[in-house]
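Enquirer: Listed here are the chains, written in short residue letters.
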Amino acid sequence: MSRILEQIGNRILVGISQAFYAAGYFWEILIETGRFIRKRQFGYGYRVLVMQILFTGVEALGVIAIISLALGVVIIVQGSSILPQFGQGKLVYAILITIITRELGPILTAFIIIARSGTAIATELGNAIVSHEIEAYISFGINPIAYLIVPRFLGVTISLVLLNLYFNLFGLLGSFLVTQFIYPLQMQEYLYNLLNTLKTQDVLSSLVKSITFGIIISTTATYYGFKVERSTTEIPQVAIKAVGRSFILCILADAMITLVYYV
Amino acid sequence: MKFKIRFASQIVGVFVIVGVLFITIVLVLMGINQRWFAKNYYFKSRFPSANGLSVGMPITFKGFTIGKITKLSLTPENTVEIDFYIQDTFYPKVYENSILQLQSNPLGLGGGLVFHQGKKPTEPIPENSFIPSLDTPEGKYLLEAKLVEIPKTEDAVTRLLGEIDPILENLNRVLISVNTLLGTVTASLEGKGPSPLAGTLRQSEKITENIASTTKSLSQSIDQLLANATGITTNLTEITSNLKEGTEVLKDPTGLVQKLLDPKGSLATFFDDNNRLFDQIEGILKEVHANLAELRQFSSFLNTTQPRILGALEEGRQAIRKGHDVLEGLRNNPFLRGGIPPKQPIPTTQKGYRMEEF
Numbered sequence: 000m001s002r003i004l005e006q007i008g009n010r011i012l013v014g015i016s017q018a019f020y021a022a023g024y025f026w027e028i029l030i031e032t033g034r035f036i037r038k039r040q041f042g043y044g045y046r047v048l049v050m051q052i053l054f055t056g057v058e059a060l061g062v063i064a065i066i067s068l069a070l071g072v073v074i075i076v077q078g079s080s081i082l083p084q085f086g087q088g089k090l091v092y093a094i095l096i097t098i099i100t101r102e103l104g105p106i107l108t109a110f111i112i113i114a115r116s117g118t119a120i121a122t123e124l125g126n127a128i129v130s131h132e133i134e135a136y137i138s139f140g141i142n143p144i145a146y147l148i149v150p151r152f153l154g155v156t157i158s159l160v161l162l163n164l165y166f167n168l169f170g171l172l173g174s175f176l177v178t179q180f181i182y183p184l185q186m187q188e189y190l191y192n193l194l195n196t197l198k199t200q201d202v203l204s205s206l207v208k209s210i211t212f213g214i215i216i217s218t219t220a221t222y223y224g225f226k227v228e229r230s231t232t233e234i235p236q237v238a239i240k241a242v243g244r245s246f247i248l249c250i251l252a253d254a255m256i257t258l259v260y261y262v
Numbered sequence: 000m001k002f003k004i005r006f007a008s009q010i011v012g013v014f015v016i017v018g019v020l021f022i023t024i025v026l027v028l029m030g031i032n033q034r035w036f037a038k039n040y041y042f043k044s045r046f047p048s049a050n051g052l053s054v055g056m057p058i059t060f061k062g063f064t065i066g067k068i069t070k071l072s073l074t075p076e077n078t079v080e081i082d083f084y085i086q087d088t089f090y091p092k093v094y095e096n097s098i099l100q101l102q103s104n105p106l107g108l109g110g111g112l113v114f115h116q117g118k119k120p121t122e123p124i125p126e127n128s129f130i131p132s133l134d135t136p137e138g139k140y141l142l143e144a145k146l147v148e149i150p151k152t153e154d155a156v157t158r159l160l161g162e163i164d165p166i167l168e169n170l171n172r173v174l175i176s177v178n179t180l181l182g183t184v185t186a187s188l189e190g191k192g193p194s195p196l197a198g199t200l201r202q203s204e205k206i207t208e209n210i211a212s213t214t215k216s217l218s219q220s221i222d223q224l225l226a227n228a229t230g231i232t233t234n235l236t237e238i239t240s241n242l243k244e245g246t247e248v249l250k251d252p253t254g255l256v257q258k259l260l261d262p263k264g265s266l267a268t269f270f271d272d273n274n275r276l277f278d279q280i281e282g283i284l285k286e287v288h289a290n291l292a293e294l295r296q297f298s299s300f301l302n303t304t305q306p307r308i309l310g311a312l313e314e315g316r317q318a319i320r321k322g323h324d325v326l327e328g329l330r331n332n333p334f335l336r337g338g339i340p341p342k343q344p345i346p347t348t349q350k351g352y353r354m355e356e357f
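Going down the list, the sequences are from chains A and B.
What the first sequence shows, in numbering that gives the first Met the number 0, is residues 0 to 262, in sequence order.
What the second sequence shows, in numbering that gives the first Met the number 0, is residues 0 to 357, in sequence order.
You may find that some hints are simply not true.
[Unchecked claim] To list a few chain B residues with every Cβ distance to chain A over 10 Å, as calculated:
1. A37
2. S48
3. T88
4. F89
5. L142
6. D164
7. L167
8. V173
9. L180
10. K191
11. L312
12. A318
13. L326
[To be verified] With a straight-line cut-off of 27 Å between C-alpha atoms, the simulated DSSO-like cross-links for lysine-lysine are:
14. A:K198 - B:K70
15. B:K92 - B:K145
16. B:K67 - B:K119
17. B:K61 - A:K89
18. B:K67 - A:K89
19. B:K61 - B:K145
20. B:K118 - B:K61
21. B:K38 - B:K119
22. A:K198 - B:K38
23. B:K61 - B:K139
24. A:K198 - B:K67
25. A:K226 - A:K240
26. B:K139 - B:K67
27. B:K92 - B:K118
28. B:K70 - B:K38
[Said to hold, decoys possible] Counterexamples of contact, computed for chain A against chain B with all Cβ distances above 10 Å:
29. R10
30. Q17
31. L68
32. L70
33. I81
34. Q84
35. A93
36. S138
37. Q179
38. F180
39. T211
40. R244
No wet-lab data here; the hints were simulated from the structure.
Quick reminder that beta carbons are idealized off the backbone N, C-alpha and C, glycines included.
Kindly produce the complete structure, drawing on both the sequences and the hints.
Expert: Here you go:
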């Protein structure tokens, strides 16, 4: 019995220790990010940031566009054909904004980024550790967090916010244009109703969610990437952990933000 | 170097700019659409109860939403004070003596907070002024003093009744039509009126009468026929009895046949007269033969003389016609009468095919 308690106690202590470590790690990232922005380093760090946005944001644009277009078309077509039968034709705009802008837009974008960039970042950093690149940076006096993590942190977060905006652009406007071939609607009427239904808190919620998910994904991916110690076999394990933990944290954060905004 | 890597900064720049531009445009359009930058004019009002009132409830004027309730509070006098705003575009409509009316209906159709403009056009009342509601004494006074006019609006029940009324009228019309139709049908069935059915029934009645009379006469005829048949049957019975009697007579060996075939009877005498009868018959036949030969000769003579007879007849006919003309001429002599009349050619009624006009 005492051994069980001892094990549970040890686990809790390890958990708390890891949580503190993660918090300290996150704090370090925030400090270095502030320093990065304040110093306006347009050297290598900026180049890494640009490349990160390119890989995370621009390259994921196609997938995001297709998903959001399909989702928007389905909502508009189904909503415009079913809801008027119950005298609730205008609900289609509320449903469109709830799904595209408020809920599914940020979370689906986050899932795509986790699957594409979260694994890539964790694997890249794990490989850097295994090949002693981090030690080389340190020996040259380069802060690996400032050079490797901050551009990825900013790049993933900015990309996620932008991809979320593009998700809305394609989901709300692109889908409308596609729908014209199936279920013609008046452009003016559509935009008027959409803009009347869209509230500031919807936009804010969406932006806050995407920023939060960006921070979670980048921090989790880099955190688990740095967890690799010496073996290459650890790399896929940390990548899987990074993905799994990112999913869970994103869903929890999504639920919390939704609760904060709408309850 | 790959295009994407070479122009990474430009691509990322475009990616960021388009995204930022999109959110900026959306926010600006939202602001314009939702009047973020428009001025609202705030006013106060009072109601006896907060029932039917809520924050964000729209205030309408002539069906347009002109403002919203921003705050509800309970005063120390236990009345409900509301803060509301009127949009800048409708602010000039807020004349003095305007009132608010909370419209509600038990069916939950329509209703809402309605703004009624003061009757006399004035400058808009200043912001934060008190606009009484119709449920307060101030509002009732303004209405009684006819400083404000509330247009007659139909509540849901009246509207429903209004919708039912035409339906009832239509139903009434249908019932009248059905009644008329039933009257016509009844009259027709009685054989009255000008309708085809009535005529048909009348004709049917006549036909029935005719059939009855025909049946009666037919019955009489049949009776007569039956009487005749009875007579005929009686006669037949008599004939049958006669035949029976005749048959019985024939069956009698001492009857007529026996008498005829008797060696001393007439037939035996006829056949046994030494050909006297045959000779007489043969003589008669020879005479007949000679007569027939003479007759044939006469016929051949007639055949040979027939053309001449016909010519003589034709000449005679022509002579008669000329004589007729002469007599006619004499009768119509100019000295006596009018002379010989011109002959009227009598056209033949039969024409040849070549004489026909095409």
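Enquirer: Hint numbers the structure violates, sorted upward?
Expert: none
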